[in-house]
Amino acid sequence: MEAELKEVLERAKEEIKSAQDLEELNQARVRYLGRKGFITQKLTGIKDLAQDQRPKAGQLLNQAKKTIEELIQAKEKEILAQQEQKREKEKIDISLPGFGPSLGSKHPLSIILEEIADIFEGMGFWIEEGPDAETEYHNFSALNFLPDHPARDMQATFYLENGLILRTHTSPVQIRAMSKLKPPLRVICPGRVYRCDADVSHSPMFHQVEGFMVDKQINFAHLKGVLMEFLKEFFGAEVKVRFRPSFFPFTEPSAEVDIGCLICGGKGCPACKQSGWMEVLGAGMIHPKVLENVGYDPEQVSGFAFGLGVERLAMLRYKIEHIRMFFENDLRFLRQFF
Amino acid sequence: MEILYSWLKEYIDLKISANEAVEILTNLGVESSLQGAVPGSLLSQLEKVVIARIEKIEKHPNADKLLYCQVRPAKTAEALPIVCGAHNIKEGDMAPLALPGAKLPEGLIIKESIIRKVVSKGMLCSEKELGLSEDYSGIMILPQTAPLGVELKEWLANQDMILSIDSSPNRGDLLSVVGIARELCAKTNSKLKIPEIKIKEDLPSAEDRAKVLIEDYIGCPRYVARIIEGVKIAPSPEWMRKRLEASGIRSISNIVDITNYVMLELGQPLHAFDLELLRGKKIIVRRASAGEKFTTLDGIERTLSEEILLICDGEGPVAVAGIMGGADSEVSGQTANILLESAFFDPVVIRKGAIQLGMQTEASKRFERGVDPRFTDFCADRAGQLFQELAGGKVLKGKIDVYEKLFSPEPIRFRTNQVKRILGFSIEPKQIEQSFKSLEMKVEKKNGEGFIITPPSFRGDIKQEIDLIEEVARLYGYEKIEPEMPEFKMQALKRSKKELLRRRLRTVLVQLGFSEVLNLNFQGPKDPSYLGLKEDDPKTKPVRISNPLAENSAYLRTSLIPGLISNLAFNLARQQARVKIFELNKVFFPSEKTGELLNERESLAGLLAEQEVKSLWQISCSEGGFYELKRAVELILEQLKFTGARIEPVSDVPYLLPGKTAKIMLGKDRAGALGEVKPLVLKNFDLSPPVFIFELDIELLLSYERKAGSAFIPSRYPGAYRDISLMIDEELPHQAVIIAIRGLHNELISAIELFDIYRGKKLPSGKKSLAYRIWYQSPERTLTEEEINALHAKVAMRLKEKLGAEIR
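Chains as they are written, first to last, in my numbering: chain A, 3 to 340; chain B, -16 to 791.
Incorrect hints may appear among the rest.
Computed cross-link-like contacts, BS3-like style, restricted to lysine-lysine with a CA-CA straight-line distance of at most 27 Å [claimed, not checked]:
1) A:Lys291 to B:Lys380
2) A:Lys269 to B:Lys403
3) A:Lys275 to B:Lys170
4) B:Lys380 to B:Lys194
5) A:Lys182 to B:Lys194
6) A:Lys182 to B:Lys477
7) B:Lys403 to A:Lys291
8) B:Lys477 to A:Lys291
What the hints contain is simulated information worked out from the structure, not anything from laboratory work.
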């Protein structure tokens, strides 16, 4: 048997050596190590041998099996290496265009709206929504716009035939949310707003995000803190921010917030009218009269509110000069956003 | 409001540059900017640009569009030949001339050159070429007073600047030079220099010459009149005209100019009547009677209502109070004696009147915002002084000053601790007191708590404690308030169902290749009929806007479809071969009852259209478009777990082809539709088929319970398939095959895949052949061949029985 084994081993060596590919190698493996292979057969035959021959035969067979396995493994590596070498010489034109389904695009204003919401939600604010067609009470009176006051000129209003108006800002949602809920409140209100002035730089409809926070002991420093946090997150940590006094009927003290001009970096250019600053939002402490109007006690709670122009932020982010780009819906423009 | 900076400087005892003033004002909340200010960095670039005079202009001998000029660059120099392309110049004009060697900010280097065989020794410049503005419409023409031969940069540096102020509507006091000066003084703790009044009064006294009677003290709480006799009408002096013109007010005559000048200076609108034209030498202030007619200075006859406040003489109206005077009592070249009106009119009355008459004047703007009710007499004196100085008038003794009760501002309690509570910083009471005093407020200490503050009469906007808190913040400086993050108790917050759904929908549609569009919420009167809607369709009853910008945007939209189709037209016109868009937005329907809010429904619509293009991946759009959209709808419903949703044939959508329309059903409710748009509808938008759309009512989706269900666990045992090809009636839909097979209720049938549809000559007419691959798989074991074959035979039998299918 020893001689037979030696001969078989020689044959196996030869076959393995001459195998051209993995297929031939596998055939060799089956021939010797497979279920019906020579070595396997012999190993199962051990039990028919005399007791004293068994250990020796087993040892020899296992030795042979191991040798063949090692040879196959080595050959396999060799074949794979050869194949690899061949493949390495293959070449495709990787500059040909890729193919497959195309993605669509999200409207840039949706992207900005979602981002604004994400940042404020991260700070613990939640979303409240209100109707586009509002009552005069929610849009003006409750927000401390006195009747026949020139402040109303700040917001040219569309009137509907049923006595409602199209909201001129998202601030009425403040009134609705505060009337419905009790402090503490941390709310943002995104939505569409309408002004009936028509010129090149204005659209009769645009988007705003109103935000407000009401609690015991909320003050102007908090307003600055939250808005600066937002602006840094939105425009980058290095953004320069300026708060300056302003006037809105529903906040006092009121502020206008500017960021350092993104075009010239503050040196002055046509985009910032040489001032080095660009206005991004209006804000202030909620006027005590407004708090009273929704049934809160202004001696007990205080709050801040702010209003962001979404188109304005999108124009700054994407360096877009004309607001009309957002509503023309030119696919060549839209497809770049997702 | 625009004012010359040099004018403002006369009222402040302070050496600050115009730029510093702008900065201080901006930080006080007075939006301001400078016009005509040229930055120093720019000035230094304007080397070798001089002020020159254009002596002679001829046509260029060799070029029709060019001029050949003689331009003198200095008093003693010879005129230089200059070729010029702009035609806005005339002989005698002063203009900037760039001499050889000049390097202009725009990068142009000037040298002596030959232009069309003619020598040109420099260049006349436009503002754009000098970097001064974007104006390149012509040569920059300088005033005649510009000094010949002086370097332009030197002259520019010494030009007076115009300070432009955009004050907020609550601050009427800032519509004057003195008002602006006051703010600057408050912040810098300097002294305001109010003009000193020196008048030499003569007898008789004013009261002997005219009478003033106020019938409506609500509309007119105070009326002051001065009488000036023997004025000489003439042009006003140069300095006054310059100041008025810089503020955009046309110079008329010394008398009219003085009233305007004092209005700009002190904020009090004045009116000068020709005393001799006031019948009965009388002023009566009263409301108009309804329908009363009056012709204003601009020559327009106006019909008045009872809300309008009138200034009348003994016989009838002579002015609309606070808004505009009348032609009959106007000061003219013949005027010698004047009644000067300085009054306080009620802001609301003036505003209502101005709106009713559609007139916004410099006067009404100031009255609406509130003038100083305690300053009325001072302003009359100031005008009297100027009449005396500049028109040689005799100011009669005394003033007629009519009022019921002089206005005195209410004292306001101010608690020091409110600064910390509202503003978030601490400040010494002493500093607070100082702030109030610098704002000309009366300060009384109140033990332990704070102060009692009485604001000055010109600050009508300060009515309560919060107004005072704002003043403290303003003077302290917003920039100095340290930002701080608020603290609060955490709460579990999840986005609203609506917002979550919106985000999912956008994501799914973008993944499917749709681009999101946003259209305005307006529609025109024709939009519903363009869609072929029937009259009883609620979409034909949109809500109308009373004051639309245009008729084609006079309604709130009831459908997203017209917008999408317009977007398609827009993009096809821009050579976009494939348009696949969606919009997620509100549509609006009238409220059920009057006085209620509208029925605002969030809606989703998508559109797909493809022009004939040859490309690798092209599918035939006339068939494929429908199924591409259907896939989108299926994925939306699947991904969002609307498990019970069905897509069923329907033919009642007015703008969709009846044979190519499906409705989207959620339980018993119809959530939307999809299909191919009718060619006649497309014709209304000048488009041609095929165009496919879908619509989904988001409010309905939101109302529908979504079942998360349990997750599908794939079998660990292999599945096997058998193909089957069956011939059935053309009328039978694919869905019938599915229903038939599913009707076996055999759980081992794991999938049914349609892989071919055949129609053709080989089949009898009215028949089609469908080929399916049916998968068999058990979650518990490997199925045997015999089992599978038996089951597949059952399927074939079922199809024969239920559909009369012929198995091929």
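Review point. Taking only the CA atoms, is the gap from A:Lys275 to B:Lys170 under or equal to 27 Å?
Key: Distance of about 25 Å is within 27 Å: holds.
Review point. Quick one, are B:Lys380 and B:Lys194 close enough, alpha carbons at most 27 Å?
Key: Satisfied, since the Cα-Cα distance of roughly 14 Å is no more than 27 Å.
Review point. If you draw a straight line from the CA of A:Lys291 to the CA of B:Lys380, is it 27 Å or shorter?
Key: violated, 48 Å
Practice item. Quickly compare the C-alpha distance for A:Lys269 and B:Lys403 to 27 Å and report which way the hint goes. Key: violated, 35 Å
Review point. Taken at face value, is the distance from the CA of B:Lys194 to the CA of A:Lys182 at most 27 Å?
Key: Violated: A:Lys182 and B:Lys194 sit about 59 Å apart, past 27 Å.
**Study point:** 27 Å limit on alpha-carbon distance, applied to hinted pair A:Lys182 and B:Lys477
**Key:** holds, 18 Å
Practice item. Compare the distance between the alpha carbons of B:Lys477 and A:Lys291 with 27 Å, and conclude whether the hinted pair is satisfied. Key: At roughly 31 Å apart (the allowed maximum being 27 Å), A:Lys291 and B:Lys477 break the hint.
Review point. Regarding the pair B:Lys403 and A:Lys291, is the alpha-carbon distance no greater than 27 Å?
Key: holds, 20 Å
Comparing the model with each earlier hint shows violations of hints 1, 2, 5, 8; every other hint is respected.
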